[in-house]
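2 protein chains.
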Amino acid sequence: MTVVGLLGGGQLARMLALAGTPLGLRFRCLDPAPSPPASAIAEHVRAAYDDHAALTRFIDGLEVITYEFENVPAAVAAAVDRRVPVYPTPEALRVSQDRLAEKEFLRWLGVPTAPFVPVDAPEALPAALAAVGLPAIIKRRRLGYDGVGQAVIADVLDAHRAWIEVGGEPAVVEGRVSFARELSIIAVRGTSGETRFYPLVENHHTDGVLRWSIAPALDVASELQHQAEELASRVLRAWSYVGVLVLELFEVDGKLVVNEIAPRVHNSGHWTIEGAATSQFENHLRAILGLPIGSTAVTGYSALVNVIGTLPDVTPILRLPDTHLHLYDKAPRPGRKLGHVTARVAEPQLLEARVALLQQLVRQERRPSCNACS
Amino acid sequence: MTVVGLLGGGQLARMLALAGTPLGLRFRCLDPAPSPPASAIAEHVRAAYDDHAALTRFIDGLEVITYEFENVPAAVAAAVDRRVPVYPTPEALRVSQDRLAEKEFLRWLGVPTAPFVPVDAPEALPAALAAVGLPAIIKRRRLGYDGVGQAVIADVLDAHRAWIEVGGEPAVVEGRVSFARELSIIAVRGTSGETRFYPLVENHHTDGVLRWSIAPALDVASELQHQAEELASRVLRAWSYVGVLVLELFEVDGKLVVNEIAPRVHNSGHWTIEGAATSQFENHLRAILGLPIGSTAVTGYSALVNVIGTLPDVTPILRLPDTHLHLYDKAPRPGRKLGHVTARVAEPQLLEARVALLQQLVRQERRPSCNACS
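Same order as they appear, the protein sequences are chains A and B. Just so we're aligned, residue 0 is where the first sequence starts under numbering that gives the first Met the number 0, counting upward by one. Just so we're aligned, residue 0 is where the second sequence starts under numbering that gives the first Met the number 0, counting upward by one.
Honestly, the hints are just simulated from the structure, not real lab data. Keep in mind that a hint or two might mislead.
For chains that are exact copies, the list does not tell them apart, and a pair is met inside one copy or across any two.
[Said to hold, decoys possible] SDA-like, lysine to any residue: derived pairs with alpha carbons at most 25 Å apart:
# : residue 1 : residue 2
1 : Lys329    : Leu142
2 : Lys329    : Arg25
3 : Lys329    : Glu42
4 : Lys254    : Leu108
5 : Lys329    : Pro291
6 : Lys329    : Met0
Everything numeric in this text was worked out from a predicted model, so none of it was measured.
Model the full assembly from the supplied sequences, consistent with the hints where possible.
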């Protein structure tokens, strides 16, 4: 019996375990929460990530370990990797959990990013803003997610408030990119170097949280897909990466700018469960277990709408044709991702109406406390 | 939190729980085995089905209960139904677990079956064989599955050996039906009476065990599909049935003869996980929970091949395009269903080669001890 270890027991771990159970795999997750989403399918070791006794119990008998979010301490992943292989490499975790390290890594690879300047103290703000231009976004270096730890700076006079808002700690100031749209590329690379890509996904955020996606993104020239794959390939090769990797992208005048690296399965790839021959979750597991990577071919067009903050009435959702509900077994809380709905349609012109209807049915609320991002 | 109870924790319960977890459901199974396939996803109450103290623990807090195989004692299901709703009705369980009661029920509904005569003692065999003709099949009335409890009678002199072989207990002698092929119809009916059907599936058995299926069955006239739906509808209405119901069918000169009723999700419907808009497992759960029944539309053509007796090398299987592995976490044993593989193809003419290849890759062994069936 092959047991896969999951650092983190959130919805991504839950969907990994749901995808891997049919492959005959078993799962064990490490998560400090009392009843995280993955615990419905995976054995749950409840402990802090740096609890060494718990880590020893956690890794006992595991074949391979993966992580499901960036905020698992990279030092823990690196320590565990000396006992049981951790994929993707803990180096990807270390870099992607520090916005400055991530931007510097991308710059070193020659990958386009927004202009950025590190800011370690508020005195450095005016020079940083002068360098990147206004409006700018300040993002704290660590523990950001879903728009948390970010603030817009419209004006130099505004900078100190924003600095305090994101925690008054080391941050990166980025120039605002005037993008036509937000996209993401989902890549998967196996232990043999075999690499596949899903088609570009178009993403729509509000308050820094992904609200909805459509896949494949519409009106994508093959050159744009190629560009995205080439950028992802640079990152994959630099890290000898194994598993699913996602780049969050801005499209600017037909060119791509990388906003963020996610060294894991990603919300913008949830549509692959029904919309692709092999889901991102199954392909991540195939990759880290040294199995062949599955086809990333799509079936029709998929609309993905997140369920955020409150649980919807499921009946009208389930009445829609080829519409698939995924709830994460999480208690409702404003701004919290509780699930998602994927609808497959045969024709791209059906996407817009389906997204509008689904958004209405899931009653997405905005998070009034957050003023970051557009 | 809605908890669904499963009487039985085998692979059907496992796939029900895998399908229902994304809907936000939780599962609890009752099964006497130490670690049944469903226990990876469902809470497991380990006890005999007639252990009253365990049943009380099992039903505590359940929203609804279903059963996953016919050999759960019907009296237990009926007793439980007085506390928590059991779907499908325990009456369907009672009838389908007794071959004689099932045949008589079908005859009463005017549904065509093979000619049959009950035999309670070996002295009755000659008259029974004279009535149904030779060759005939003797099937014990209870606890049959996958060809177990059946024997062919080629000759009157052979009858006593066959009687002993199937257990020397009350049985049914059936006339052999010269069928063109074996089919099955998968129906689902909700609490409101809403009913949907999947397209007819073509099934291939060896030694009484399903080896492979293709779906939709090829060259099915709409009249044949209609006939199957009409026969299933009679059964559904007679029982005010809620859930998935499957009829195993013989096609004889363009007419359908019912071989068996399965009041549950069925092996010949496993392809619906990838090959239909909504799987039989999700639709069974939607039905018993009073939710809308999902679309039964298919995507392409599916080939389903069972993994029997020994576990295959998964790597060459996972290398095939749009091919999906499902292992049930069961210990290998001759003749035992350990998993299945579903491959989707775009064109029906690709099915035959894909089935042949998959059968080779899963190395299906025959069960040498069984001489029943063709």
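Each hint, compared with the structure:
1. For the homomeric pair Lys329 and Leu142, the shortest alpha-carbon distance inside one copy (21 Å) is at most 25 Å, but the shortest distance between copies (42 Å) is not.
2. In this assembly of identical chains, the alpha carbons of Lys329 and Arg25 lie at most 25 Å apart whether taken from the same copy (22 Å) or from different copies (13 Å).
3. In this homomeric assembly, Lys329 and Glu42 come within 25 Å of each other (Cα to Cα) both inside a single copy, at 17 Å, and across copies, at 18 Å.
4. With identical chains, the CA atoms of Lys254 and Leu108 are at most 25 Å apart within one copy only, with a shortest distance of 16 Å there and 68 Å across copies.
5. Taking CA atoms no more than 25 Å apart as the test, Lys329 paired with Pro291 passes between copies only; the shortest distance there is 23 Å, against 33 Å inside one copy.
6. Taking identical chains as interchangeable, the C-alpha atoms of Lys329 and Met0 lie at most 25 Å apart only when they sit on different chains, with a minimum of 10 Å there against 29 Å within one chain.
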